[in-house]
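Student: Sequence:
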Amino acid sequence: LLEAIRETKPHPLTAGNMAFEIELGSVTWNKVIFNDKLQLLLKARKNESKQDNFLPNKDEKNYKKILNVVRTLKPIVFHVKPANPEDGAGFFFQAFDVIDENKTKLNPIFDAIFFCSVDTVKKLLNYEAKA
-12 LLEAIRETKP HPLTAGNMAF EIELGSVTWN KVIFNDKLQL LLKARKNESK QDNFLPNKDE
48 KNYKKILNVV RTLKPIVFHV KPANPEDGAG FFFQAFDVID ENKTKLNPIF DAIFFCSVDT
108 VKKLLNYEAK A
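At position 51 of the sequence shown (counting the first as 1) the number is 38 in this note's numbering, and the numbers step up by one without a gap.
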């Protein structure tokens, strides 16, 4: 799934049919995402780890643009459904975790599925905590 998403051009999130399907299953969502919002999301994503918040400070010039991205994408629900029912019922997630009115984080599942490198996701899945 991850490799197929990375190889698809243009980015699957901008698909007009709000779906991404492969042999193993599908990811669907309930609202069209336009490329301008996706580009702003990609730029803001890079700064999240530095400031421990997806939202920039209120006095920064891009604050309103990023806040609009969050307001636009927050209600969207993504459904992942495997093609084989024996693999489970699937799961759903949203793009953001809103901590409070001033702090919003990118949902790690959303980030892993649509943006992180495949190698990074593999490292995360194979991580073992050291005692």
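To be clear, the hints were calculated from the coordinates, so they are not data collected in a lab. Do not take every clue at face value.
[Unchecked claim] Derived BS3-like pairs (lysine-lysine); straight-line CA-CA distance at most 30 Å:
#1 K109 - K24
#2 K51 - K110
#3 K37 - K90
#4 K18 - K52
#5 K45 - K(-4)
#6 K90 - K48
#7 K48 - K68
#8 K92 - K52
#9 K61 - K18
#10 K68 - K37
#11 K48 - K110
#12 K92 - K33
#13 K18 - K117
#14 K90 - K24
#15 K48 - K109
#16 K(-4) - K110
#17 K(-4) - K30
#18 K51 - K68
#19 K45 - K68
#20 K30 - K117
[What the hints assert, rightly or not] FRET-style restraints, in silico, Cβ to Cβ:
#21 K30 - R(-7): 15 to 23 Å
#22 L11 - K52: 29 to 37 Å
#23 N44 - A6: 32 to 40 Å
#24 Y50 - A6: 27 to 35 Å
#25 D23 - E47: 15 to 23 Å
Yeah, the Cβ is synthetic: ideal placement off N, Cα and C, and Gly gets one too.
Student: Which numbered hints does this structure break?
Tutor: Hints 2, 5, 7, 10, 11, 13, 15, 18, 19 and 20 not satisfied by this model.
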